[in-house]
Amino acid sequence: MFILLDIDYAGTNKAVIRLFGRNEVKLDTNFSPYFYIVPDNPDFVSKIKKEKINERTAERIELVKRKFEGKEIEVVQLFLSHPKDVPAWRYELKKYGKRLEADIPFARRYMIDKSLSPLGEVKLPEFEAGKASIRDPRVLAFDIETISDGPIKIGKNKITMISLWGQDIQKVITWAPVKGEHVELVKGEKELIQAFIRTLSEYKPEIVVGYNSDMFDWPYIKKRAEKYKLNLSFNKEKLVFVKRGRASAPRISGMNLIDLYVFVRDILSPYMSSETLGLGAVAQELLNETKLDIGGHQGMTKAWEENPEVLYEYALQDAKITYGLAKEILPLVYELGTIVGLPLFDMSRMRSGQLVEWLLIKEAHSQNTIAPNRPKRDTILERRQTSFEGAFVKEPIKGLHKQIAVCDFRSLYPTIIMSQNISPDTIDCEHADCKIPGPTGHWFCKNKAGFTPKILKSLFDERLKLKSGMKKMTRDSVEYKIADTKQKALKLILNSVYGYLGFPGARWYSLESARAVTAIGREYIKQIMETAEKLGFTVVYGDTDSVMLTLDGPNFEKTLDKFLKKVNKTLPAPMELELDGVYDCGLFVTKKRYALMDAQGKMVIKGLERVRRDWAQVARKTQEQVLRLILQGDTDGAIKHVKSVVAQLKKKEIPIDQVIITEQMTKRPEEYKAIGPHVKVARDLIKMGKPIEPGSLIEYVVQIGKGSISSRSIPAETAQDYDSEYYIERQVIPAVARLFEAMNRDQHELQGKQSRLEFFS
DNA sequence: TCCATCCGGGG
DNA sequence: GTGTACGGATGGA
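First residue of the first sequence: 911, per the working numbering; consecutive thereafter.
In case anyone wonders, no lab produced these hints; they're calculated from the structure.
Just so we're clear, the structure is a prediction, and the values are computed from it rather than from any experiment.
Incorrect hints may appear among the rest.
With a straight-line Cα cutoff of 27 Å, these simulated DSS-like cross-link-like pairs (lysine-lysine) come out [what the hints assert, rightly or not]: (1) K1237 - K1391; (2) K1476 - K1512; (3) K1550 - K1560; (4) K1153 - K1132; (5) K1597 - K1066; (6) K1512 - K1401; (7) K1367 - K1237.
I would like the entire structure built from these sequences, with the hints used as guidance.
What follows is the structure, encoded as structure tokens:
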């Protein structure tokens, strides 16, 4: 059986598709690049047939029937020998009319036309999609360590170690004199890179994962290899960098280089609670595994110089964690790949809008429909100018509330799109019986199912089927896990469609559709709030698709039940309001900023975390502790805690490392117009002979004195003292003030002109 | 309140 | 790679 792992094309004059399977490569010589032309007038067809560009004629020209923008039309389908010919032809044939689907990368074109999926079967010799698929490709995780002095710069210093982790391979290649079970000792850096190439070539991983490896590990290896004129080829497949917008991505054909950080950042992060997306934090949340603490970059330097064994353990653990993350994350990538039908290399680097777009292109193709062209730059800019009203967010009733029910719509926007048939091709149709305008003055056809709702419906139904099937499975079983991953992948795409319709770069952009979705959403949520209030609930807060309700008295649960039943009776299918959970208490600060705590003491915090590094630790820690105390009902204790931190700051009992503020240089120090503290400190550091480049992290401490904050900031390494007042007034107090304001409006107002500082003193 | 700028991950 | 693909928070005017 031939399983498709990766795909690309070769050939200089005639393109040949290369399909990478397990240990074999198959060539398909019978597929040609093509695009469509909609001739401005019928005479053009014969002219197009005579066209020659660079002395070459088209391979084949056909007149075909396709659907485009809702109409069936005759178009010219122009086949060429090589994808590289397309840009010239696309440009030259401009004079005949609109060119369509002239920017679909060749390998993607192949997968779409053949309905192939990554990790799916390809039947040979027909090159047709088969039914089988695998979910256990050979995965190898890797991580590099380098000598680190000063700011990170790709290729500046030597690579000291490369750690690798897979099912049956665990090793650290290094030239440092380290002893350890998994050490492969080599002579120097050159041999290290050679050993790495050899290992990959022999192990033949089907997927190679790293963490931030697109922007760090792979480009670093490439730079260092150049120094020794090493050829970075793995079983004859070269490492190349594929340009993708502002960034570029490393690629080795057949090996599926995947950067887990990119996928976490672009796809998973909205579903995660961690605000930072470093390997440590992500592994902690997703795996409950802890990254070894080596003591920051100073600790790393020290380990390298004095005790490389520590660095070896650290490197091995990083590769192990990366492998663990891959096991957790990749199944979702595989399922998305099956839904969208693109190579894993592309899939794993796409944002949700792109996932939707390529799914739509694939679906359009299967419906004999040509996709709209991508909007041009100026169109995108123009679209960006037009904003539209988003979701309804109710101003919360500030303060602490007890016993809170959280109800939300299951997939609000997708269900609105489906139930109202919202789609670029159903808007303002001509049927007389459809013309009942919605809240934005537009209507959507009632007679034919729209393009996007139809696709959503099939995803939605498949997900429901999976979910009901899962109820009969045991939670720990493999089949449950697979079904769960599938439904998550479906949910991810379902949730992305609304955003896609309003995304300026979308081919199927439809401002009026997106606008209608949020307008209808606002109507529903407001209606729900009214219903809740009529039943006696107090609506403490509500945002987009959720309401948070409290009710005094003994009938809480009964009324809640009544409420849900009543609401759901009136909602059109498949819309549904569900009980998300009941919380013991919650603190509401402002829109989007609140915290909830359940009976087990578990906190859900939204919008309040201060984990950004441009806040001093003392402020971040104090905020967290205050929040916990308030939710535990101990507001006095919280005030006391702040007072104690303030007192400690005044007495300089808080150590200096708690007041260090870290900011990154994004350009060279002399390029800044606004001289912020970190720029001023960067200039100081340069005077001290330290090299500062874009990317350098500047650690500073604010000192007592006159003048601006910038002028009073000095490098953290030279700081012996700090300005207590600054850290109290500008860091600690602002971080907690909102919380207390929400708790204690009256008391704060009673404070009148008294400053916040006095209040906490 | 609006607009420009900054930031992410990695050693 | 049949290129020309951020989005959210912040802080200054």
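For K1476 and K1512, compute the direct alpha-carbon distance and say whether it is at most 27 Å.
Violated: K1476 and K1512 sit about 31 Å apart, past 27 Å.
Under the criterion that the straight-line Cα-Cα distance not exceed 27 Å, is the pair K1597, K1066 satisfied?
Holds, at about 22 Å.
Mind checking the alpha carbons of K1367 and K1237 for me, to see if they're no more than 27 Å apart?
The given pair, whose Cα atoms are some 30 Å apart, is violated under the 27 Å limit.
27 Å limit on alpha-carbon distance, applied to hinted pair K1550 and K1560:
holds (15 Å)
Can you confirm whether the C-alpha distance between K1512 and K1401 stays at or below 27 Å?
Between K1512 and K1401 the Cα gap is close to 26 Å, so the pair holds against 27 Å.
Given the proposed pairing of K1237 with K1391, does the C-alpha separation stay at or below 27 Å?
Cα-Cα ~12 Å, so holds.
Just to be careful, I want the Cα atoms of K1153 and K1132 compared with a cutoff of 27 Å; is the pair within it?
holds (15 Å)
Checked against the numbered hints listed earlier, the structure breaks hints 2, 7; every other hint is satisfied.
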